[in-house]
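Enquirer: Based on the provided sequences and hints, a complete structural model is requested.
There are 2 protein chains.
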Amino acid sequence: MKVGNKHYRTIWMEGQEVQMIDQNLLPFSFEIKSFRTSEETCKAIERMTVRGAGAIGAAAGFAMAQAFAEGKDPETARARIRSTRPTARDLFFAVDSVFEAGKISVQSAVDEAQNLAEANVDAARKIGLFGDALIKDGARILTHCNAGWLGFVDYGSALSPIYTAHLNGKKIHVYADETRPRSQGARLTAWELANEGIDHKIVADNAGAYLMSKGMIDLIIVGADRIAANGDVANKIGTFEKAIVAKHFGVPFYVAAPLSTFDTETLEGSDIIIEERSTAEVHYQTGPDANGKMHTIRVTNPGSEAINPAFDVTPAELISGIITENGIIKPGNADFQY
Amino acid sequence: MKVGNKHYRTIWMEGQEVQMIDQNLLPFSFEIKSFRTSEETCKAIERMTVRGAGAIGAAAGFAMAQAFAEGKDPETARARIRSTRPTARDLFFAVDSVFEAGKISVQSAVDEAQNLAEANVDAARKIGLFGDALIKDGARILTHCNAGWLGFVDYGSALSPIYTAHLNGKKIHVYADETRPRSQGARLTAWELANEGIDHKIVADNAGAYLMSKGMIDLIIVGADRIAANGDVANKIGTFEKAIVAKHFGVPFYVAAPLSTFDTETLEGSDIIIEERSTAEVHYQTGPDANGKMHTIRVTNPGSEAINPAFDVTPAELISGIITENGIIKPGNADFQY
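Going line by line, the protein sequences match chains A and B.
Residues 1 to 338 (this note's numbering) are what the first sequence spells out, left to right.
Residues 1 to 338 (this note's numbering) are what the second sequence spells out, left to right.
Rather than coming from a laboratory, the hints here were simulated on the basis of the structure.
A portion of the hints provided could be inaccurate.
Claimed, not checked - Output of the computed footprint for chain A on chain B, the stretches with three or more beta carbons under 8 Å from beta carbons of chain A:
(1) 30-42
(2) 178-184
(3) 197-203
(4) 209-220
(5) 283-289
Keep in mind the model is a prediction, meaning the values are calculated, not measured.
Beta carbons are placed, not taken as given, at the ideal position from N, Cα and C, and that holds for glycine.
Expert: The structure is reproduced here in structure tokens:
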């Protein structure tokens, strides 16, 4: 998608070097970083230089390919890559695919990683086409966290239908949940939407019920980190809360995710391990002062502790449908298959 | 309540000077500020040096008494004080009471303002006694925003039962919602609880449904800015969302407020005007860096706009009961009278 007027992808591999937009610096500065080894790429995943289910999947695939190219023990490398982020289904999917391909040759591993990245772009584009059908001209759409192109290789999941609707000339307005504690909505989703020229407003996560009670939201679309066999969806903390509130007000609540996010081995959402991230994410925020100088400041009472569950699991019955590259499916219905 | 080991009130008047704990500096520094004129006190209300329904009420009463002492036109002064915060019922109640008393003499106005502050302390203390009955030993309680003693003259509303339970030797744990955008939970509620030595954790507002789904919350208690005649409750943005989520999980959801918060002239919640505050509250955060130097930083995408509704209205049917100084009442029940 566009940054200024130039097209970028979130992540790509040139030779053995993985290139990424550094998402920890966004939206305040735009930099491409290079990671030359599998271990460097693993650290980039851990530090959230790259984040979002699809982009993490691509990064993990590239990291596995780098490991083969470096002649590392594949089993050890796979375990290392899998340890970077415990919740993301796409990560396991990608690393296992490249692991299998690497049994043939290093080049097969690299090709498989590149193919996975291309497949991610293609799936996201198709999610946009299917999801666009849900968006009426004039629609006001709420989204949570960032399931935009920065969370994928390109296009995104939840934002892909929004981009498609905008390209098709529909006048839409997007409310971007701030998405504390990491504020991916206020920082990344808002940055993406601004670069694409789409009308939007940032709202505190607390404003959801208010907006819906005033009839200001026609549709909610969010992404997914992992979808269990029964259709339960693990996604950014706060997604579950929005789904409950949406049901209360009868607002359609859609999840957008490629089929690689489905985990048939996880029977239901309660089986998904929720990542507890550092409480520093709750206590500190980083951003520029009026002179553009970056600071990390404490935003909570010094001495108080916090908890920081990074994800929650939204039960299938709260979800109107899941927008995939093969069409929109409804968990619990007879046609729920993938 | 305690700061260090000394007892303080949030706001008091000595002679014609209004003294307040500067809540904009908390929790990073503790300072008492003096306001010598009615206009200075009005500006303190607008700048949120003092905030919270009960404390604003006391401030408004003191400001009206100051206006009489200064020989200002009472009608003009009253209108000015009423204009400082449009949502707070206690403000109107206090300013009108002191306005009436001032028709007798300046001393009557001052006495009435002092009496209102004392009545606020007494009501808050009684709310603690009635609310304590709802709290079992070992209870895990979620609260939103700050309806503690900083929001009153002393004790608080939502936190008063928690302080009473703690004083009575019950082992309790409090989850304090961060409460974006102004973070009163992470800053003020956490600061109060730390000073009182009560176990607590700060959580992102997004974590509510997660905590309740895991059975980690036994009870929710929040405050109120205004309660309509039908029991609908205007309170800090996000309260409505928590109430919906609490109902979904069957978690008891209580509001604590003195009777002065009830507005019989407002028939239902939809009649309450919701204050839209500056979007700067969403875009910027202020706090100390690692060296204790304060900075105001941008936390959202520069160039993106925001909306900032400060309150929402929770319908009476989502509220388990309202804890008042006269006991616990249930909106919608035959015994709902005040």
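Enquirer: Does each hint fit the structure? Answer for all of them.
Expert: Quick rundown of the hints versus the structure:
no.: 1; hint: 30-42; result: violated (count 0)
no.: 2; hint: 178-184; result: holds (count 5)
no.: 3; hint: 197-203; result: holds (count 4)
no.: 4; hint: 209-220; result: holds (count 3)
no.: 5; hint: 283-289; result: holds (count 6)
In this structure, the one hint that does not hold is number 1.
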